[in-house]
Amino acid sequence: MGKSGNRDWTQIYAIYGLDQWQTILFLLFHAVLFTILSLLYLTYFDPITLFFHRLLPIGSARFAAGFTGSVAALSALCLFFASFHFLHSSLPLHYDVVQRMVASVNDWSTVKHALDLGCGRGILLNAVATQLKKEGSSGRVVGLDRSKMTSLSTLRTAKLEGVGEYVTCREGDPRRLPFGDNYFDVVVSAVFVHTVGKEYGHRTVEASAERMRVVGEMVRVLKPGGSGVVWDLLHVPEYVRRLQELKMEDIRVSERVTAFMVSSQIVSFRKPSHHYFGLGEVRLDWRC
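Reminder that position 145 of the sequence shown reads as 132 in my numbering, one-by-one numbering, no gaps.
Hints may be right or wrong, so weigh each one.
[Stated by the list, open to error] Straight line, CA to CA, 25 Å or less: simulated PhoX-like cross-link-like pairs of lysine-lysine:
1) Lys120 - Lys99
2) Lys146 - Lys99
3) Lys120 - Lys210
4) Lys99 - Lys185
5) Lys120 - Lys146
6) Lys234 - Lys210
7) Lys121 - Lys210
8) Lys99 - Lys121
9) Lys121 - Lys146
10) Lys135 - Lys146
11) Lys135 - Lys185
[To be verified] Derived Cβ-Cβ restraints for the label pairs, each shown as a range:
12) Gly123 - Leu64: 47 to 53 Å
13) Leu29 - Thr155: 56 to 62 Å
14) Asp83 - Gln231: 26 to 32 Å
15) Arg133 - Leu64: 19 to 25 Å
16) Thr55 - Gln(-2): 27 to 33 Å
Source of the hints: derived by calculation from the structure; they are not laboratory data.
Glycine included, every Cβ here is placed at the ideal spot set by N, Cα and C.
Given these sequences and hints, build the entire structure.
This is the structure:
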């Protein structure tokens, strides 16, 4: 799959594995199944046409056999494309975007406490820790996840990346973060917030309210003057509106990037160091 900077994708895979491997296997299985079906249509076209001839009017059988065979072949191509797109989103794209997220924070040397919300296996978490290490910072980054097993896996990847001393993990509910107000200098999150409230259905009012509660919690635990960066799927416009309501400053939104077969964007913002009236400005000046 190539390289990003000095990292080979085989190295990244060896450390992090694939978060979406079940989906990728599901897509590949059906892609192979439709490929076999289309090859059978190609090999046994005449017997299949004869079978359709028994079911359809004269003259329609050959068209029906050719049409269904073409649909099978096209389905196989689409499924192969989707599986490789999920593979690309899970590793190369994910890794590249988190590097941009880290680069969007102007000064890591002053960061003492950072939070990765929904840290998963730690690609973003470890990128933050690596940046702290490069700066010679005494800061630490906390990875919060809803699963204790995931937290244990994340600590293992941090050790493999050589940043274990910069990382801690906690299990917790993102809608009620177990941290005090104004605690973190930086809060980040990658393809996580959209999963909150999914038990209600992504487009329901209840799910939207749960996501907005998470955005509010991110702002609550962020120090005045601190920075937040979120990369997420589908719902970024909702986050922007909520950040405006919460009077955040310097809100920036990236161009759309297709990830996991849907639209994704990065939104960054800064918590004002004083009480701020009026809507925050939104500038579409990022490039992904």
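Each hint tested on the structure:
no. : hint                        : verdict
1   : Lys120 - Lys99              : holds, 12 Å
2   : Lys146 - Lys99              : holds, 20 Å
3   : Lys120 - Lys210             : holds, 21 Å
4   : Lys99 - Lys185              : violated, 33 Å
5   : Lys120 - Lys146             : holds, 13 Å
6   : Lys234 - Lys210             : holds, 14 Å
7   : Lys121 - Lys210             : holds, 23 Å
8   : Lys99 - Lys121              : holds, 14 Å
9   : Lys121 - Lys146             : holds, 16 Å
10  : Lys135 - Lys146             : holds, 17 Å
11  : Lys135 - Lys185             : holds, 20 Å
12  : Gly123 - Leu64: 47 to 53 Å  : holds, 50 Å
13  : Leu29 - Thr155: 56 to 62 Å  : holds, 57 Å
14  : Asp83 - Gln231: 26 to 32 Å  : holds, 28 Å
15  : Arg133 - Leu64: 19 to 25 Å  : violated, 37 Å
16  : Thr55 - Gln(-2): 27 to 33 Å : violated, 44 Å
In the structure shown, a violation is registered for the earlier hints numbered 4, 15, 16, in ascending order.
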